[in-house]
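Peer 1: Listed below, chain by chain, are the residues.
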Amino acid sequence: RTYFFSYCKMLLHAAKYPHCAVNGLLVAEKHKKKDSPRDSVLCVDCVPLFHGALALAPMLEVALTLIDAWCKENKYVIAGYYQANERIKEARPNQVAEKVAARISENFSEAAMIMLDNSRFTMDCFVPVLFIYDHHDNKWKCREPSTDCFEDWIEAQKITAALLESKSYESLVDFDNHLDDLRNDWTNPEINKSVLHLC
Amino acid sequence: MSSISELYDVSWEEMRDKLRKWREENYRNSEQIVDVGEELINEHASKLGDDIWIIYEQVMIAALDCSRDDLAWSCLQELKRQFPDSHRVKRLAGMRLEALERYEDANKLYDSILQDDPTNTAARKRKISILRAQGKSSEAIRELNEYLEQFVGDQEAWHELSELYINEHDYAKAAFCLEELMMTNPHNHLYCEQYAEVKYTQGGLENLELARKYFAQALKLNNRNMRALFGLYMGLFATSHQPYTPQNPEAQGFAARNRDEVDCVQLKFQHIHGEGLSC
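Residue numbers (UniProt numbering), protein chains in the order written: chain A, 1 to 199; chain B, 1 to 279.
What the hints contain is simulated information worked out from the structure, not anything from laboratory work. There could be a bad hint or two in this list.
[To be verified] Chain A is nowhere near these chain B residues, computed Cβ spacing over 10 Å in every case:
(1) TRP22
(2) ARG23
(3) ASP154
[What the hints assert, rightly or not] BS3-like, lysine-lysine: derived pairs with alpha carbons at most 27 Å apart:
(4) B:LYS21 - B:LYS136
(5) B:LYS108 - B:LYS127
(6) B:LYS108 - B:LYS125
(7) A:LYS89 - A:LYS167
(8) B:LYS136 - B:LYS108
(9) B:LYS47 - B:LYS108
(10) A:LYS89 - A:LYS158
(11) B:LYS136 - A:LYS89
(12) A:LYS16 - B:LYS108
(13) A:LYS141 - B:LYS136
(14) A:LYS16 - B:LYS18
(15) A:LYS89 - A:LYS30
(16) A:LYS16 - A:LYS139
(17) A:LYS158 - A:LYS16
(18) A:LYS16 - B:LYS125
(19) B:LYS21 - B:LYS90
(20) A:LYS16 - A:LYS167
(21) A:LYS89 - B:LYS21
(22) A:LYS99 - A:LYS72
(23) B:LYS173 - B:LYS136
(24) B:LYS90 - B:LYS125
(25) B:LYS90 - B:LYS127
(26) B:LYS80 - B:LYS136
(27) A:LYS99 - A:LYS139
(28) B:LYS18 - A:LYS167
(29) A:LYS89 - B:LYS108
(30) B:LYS136 - A:LYS16
(31) A:LYS99 - B:LYS136
(32) B:LYS173 - A:LYS99
(33) A:LYS89 - B:LYS18
(34) A:LYS193 - A:LYS75
(35) A:LYS167 - B:LYS21
[Claimed, not checked] Partial list, derived from the structure: chain B residues whose beta carbon lies under 7 Å from chain A:
(36) ILE166
(37) ASP170
(38) TYR200
(39) THR201
(40) GLY204
If you're wondering where the values come from, they're calculated on a predicted model, not measured in any experiment. By construction, the Cβ of each residue, glycine as well, lies at the ideal position given by its N, Cα and C atoms.
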């Protein structure tokens with residue numbers, strides 16, 4: 001399931017680079033529940049990774065390593081991967097998405113792969129624009145779209161719409177921005193503050 | 001809604017200079033260009049002199065990016081009035097059709113430019129962009145290759161081709177394109193670094209070793225290129241754990257030397273982290 005932090009940051013990332021493919025990771029809190037049902041994983045945050053050329057390995061490996069270390073410090077675990085393709089009508093997962101998501105699911109069996117539906121992405125966010133894929137039998141299967149995957153859809157929609165309206169995406173930092181200038185913080189504390197402010 | 005000049009306390013000259021900087025450095029910050037450019041055009045057109053035409057062009061393209069067809073249309077009209085038979089303006093009209101997804105009409109327009117002037121590179125490149133927008137990557141690649149046979153020096157085209165190859169996971173051909181760019185721009189640290197990333201992605205000991213070398217070269221050209229530094233570290237790490245094999249007896253030699261280098265790079269990281277340096 002998705003907490004509004006993750007949802008709005010994913011959309012802000014896509015909105016910041018409308019002419020590029022973008023991708024990123026979702027992180028969840030590490031809980032050890034013995035009898036946890038399948039969808040009790042709560043994605044509490046997301047780390048935007050790259051925009052533009054997504055199919056190159058070295059920086060992706062650096063990002064996964066650094067973010068994994070950060071997760072361990074904060075009792076998080078990398079729980080998912082999201083991607084928005086370059087073309088507006090293309091929402092299918094490609095080789096990059098499947099490879100990265102598969103790698104994540106090696107460490108976290110309930111990992112999800114999320115593709116953004118660019119064609120339904122609007123400023124008002126009236127409908128969730130995600131396709132969520134789960135890993136079954138070595139294949140990625142798309143879930144039925146619903147708002148059940150959100151912790152609180154109304155809040156998520158309200159907050160995301162407000163952030164898009166105020167162009168908060170201009171200050172969103174992804175891992176690429178961090179590599180351009182190490183002072184840029186990919187945990188996005190300022191955006192997190194704005195989200196909390198809007199709750 | 002307050003104006004840009006009020007919000008940011010800037011004069012019209014500063015706005016004009018900002019637009020020039022974004023134009024010269026090929027930024028795609030279209031929302032900002034529209035905000036600044038629209039105000040400049042509406043409030044200060046008379047002061048801009050001949051600069052206004054290139055500003056109309058820049059703002060028009062940015063307006064297309066932001067779905068501001070109203071603004072794009074008015075810029076286009078001004079340009080059409082001033083330069084009635086211009087191919088450059090015709091190409092802008094074509095870009096507007098592309099933005100409206102009227103690809104057939106856009107192609108017809110570009111074809112008419114090419115009939116008049118077969119060497120018009122802008123029209124050819126727009127046709128290739130249409131193929132890319134339609135998801136026809138193999139055709140775009142084929143057309144771009146044909147274009148480059150004629151216009152071997154077009155760096156923008158070589159770079160576009162390398163991107164297309166990377167998206168298709170054809171790393172060998174992407175590397176070839178970047179090699180062309182490095183040959184003509186030996187001091188450009190970005191091409192060096194991108195080449196290294198492609199080689200690293202290709203994988204295999206030889207490619208990893210090559211990647212390491214080119215990351216090092218990129219760092220030599222610009223010691224603030226963080227991607228190059230990280231890449232060098234990854235390359236060293238990847239090649240420092242290769243076992244001896246009869247096929248590659250030098251591997252262990254590389255490995256030993258690279259392990260020492262890993263320590264040096266780690267020290268450099270700590271130093272940079274302390275100073276918070278940027279590229």
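Peer 1: Hint by hint, say whether it matches the structure.
Peer 2: Hint by hint, here is what the structure shows:
no.: 1; hint: TRP22; in the structure: holds, 15 Å
no.: 2; hint: ARG23; in the structure: holds, 17 Å
no.: 3; hint: ASP154; in the structure: holds, 20 Å
no.: 4; hint: B:LYS21 - B:LYS136; in the structure: violated, 33 Å
no.: 5; hint: B:LYS108 - B:LYS127; in the structure: holds, 10 Å
no.: 6; hint: B:LYS108 - B:LYS125; in the structure: holds, 14 Å
no.: 7; hint: A:LYS89 - A:LYS167; in the structure: holds, 24 Å
no.: 8; hint: B:LYS136 - B:LYS108; in the structure: holds, 18 Å
no.: 9; hint: B:LYS47 - B:LYS108; in the structure: violated, 37 Å
no.: 10; hint: A:LYS89 - A:LYS158; in the structure: holds, 25 Å
no.: 11; hint: B:LYS136 - A:LYS89; in the structure: holds, 13 Å
no.: 12; hint: A:LYS16 - B:LYS108; in the structure: violated, 33 Å
no.: 13; hint: A:LYS141 - B:LYS136; in the structure: holds, 26 Å
no.: 14; hint: A:LYS16 - B:LYS18; in the structure: holds, 20 Å
no.: 15; hint: A:LYS89 - A:LYS30; in the structure: violated, 35 Å
no.: 16; hint: A:LYS16 - A:LYS139; in the structure: violated, 31 Å
no.: 17; hint: A:LYS158 - A:LYS16; in the structure: holds, 19 Å
no.: 18; hint: A:LYS16 - B:LYS125; in the structure: holds, 26 Å
no.: 19; hint: B:LYS21 - B:LYS90; in the structure: holds, 25 Å
no.: 20; hint: A:LYS16 - A:LYS167; in the structure: holds, 9 Å
no.: 21; hint: A:LYS89 - B:LYS21; in the structure: violated, 33 Å
no.: 22; hint: A:LYS99 - A:LYS72; in the structure: holds, 22 Å
no.: 23; hint: B:LYS173 - B:LYS136; in the structure: holds, 18 Å
no.: 24; hint: B:LYS90 - B:LYS125; in the structure: holds, 14 Å
no.: 25; hint: B:LYS90 - B:LYS127; in the structure: holds, 13 Å
no.: 26; hint: B:LYS80 - B:LYS136; in the structure: violated, 32 Å
no.: 27; hint: A:LYS99 - A:LYS139; in the structure: holds, 11 Å
no.: 28; hint: B:LYS18 - A:LYS167; in the structure: holds, 20 Å
no.: 29; hint: A:LYS89 - B:LYS108; in the structure: holds, 24 Å
no.: 30; hint: B:LYS136 - A:LYS16; in the structure: holds, 25 Å
no.: 31; hint: A:LYS99 - B:LYS136; in the structure: holds, 23 Å
no.: 32; hint: B:LYS173 - A:LYS99; in the structure: holds, 21 Å
no.: 33; hint: A:LYS89 - B:LYS18; in the structure: violated, 34 Å
no.: 34; hint: A:LYS193 - A:LYS75; in the structure: holds, 20 Å
no.: 35; hint: A:LYS167 - B:LYS21; in the structure: holds, 23 Å
no.: 36; hint: ILE166; in the structure: holds, 5 Å
no.: 37; hint: ASP170; in the structure: violated, 10 Å
no.: 38; hint: TYR200; in the structure: holds, 5 Å
no.: 39; hint: THR201; in the structure: holds, 4 Å
no.: 40; hint: GLY204; in the structure: violated, 12 Å
Going through the hint list in order, the structure does not satisfy hints 4, 9, 12, 15, 16, 21, 26, 33, 37 and 40.
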